[in-house]
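Use the sequences and the hints to build the structure in full.
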Amino acid sequence: MTVYAVLLAVQWANGVARPAVRRAVAQWDGRRIAVTVGLGALLAVLVCGAGVSSYGALAAAAGSLVGALILNSRAVMIALAN
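The end of the sequence shown is residue 648 by my numbering, with every number in the run present.
Only true hints are included.
What follows is a set of in silico ranges between Cβ atoms, one per label pair, in the way DEER data are often shown:
(1) Met-643 x Ala-616: 24 to 30 Å
(2) Gly-604 x Val-582: 18 to 24 Å
(3) Gly-581 x Ser-620: 28 to 34 Å
(4) Thr-568 x Trp-594: 31 to 37 Å
(5) Ser-620 x Pro-585: 33 to 39 Å
(6) Val-611 x Val-582: 22 to 28 Å
(7) Leu-609 x Arg-584: 19 to 25 Å
(8) Gln-593 x Gly-615: 31 to 37 Å
(9) Ala-575 x Leu-612: 15 to 21 Å
(10) Val-618 x Ala-575: 14 to 20 Å
(11) Ala-600 x Met-567: 35 to 41 Å
(12) Ala-600 x Asn-580: 16 to 22 Å
To be clear, the hints were calculated from the coordinates, so they are not data collected in a lab. Just so it is clear, the structure is predicted and the values come from calculations on it, not from any experiment. Glycine residues also receive a C-beta, built at the ideal position from the N, C-alpha and C atoms.
So this is what it looks like as structure tokens:
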């Protein structure tokens with residue numbers, strides 16, 4: 567149940583920020599996009615790797631949530647700044 571709730575939170579974060587991501591990508595330069603996506607991916611892998619042996623699927627879901635929050639919060643900040 568907890569894994570399902572975390573995955574729903576990931577979907578919510580991705581869905582709510584989708585317009586901001588589209589706008590931010592249209593305005594960003596390639597380097598900024600690469601840094602944001604790379605940071606989100608790196609933190610997602612670190613969270614998943616750190617907890618997968620103890621928490622299994624929950625760690626994978628939490629890693630996905632962290633990655634989604636990094637990417638989407640950055641996109642929202644950029645979209646609101648312009």
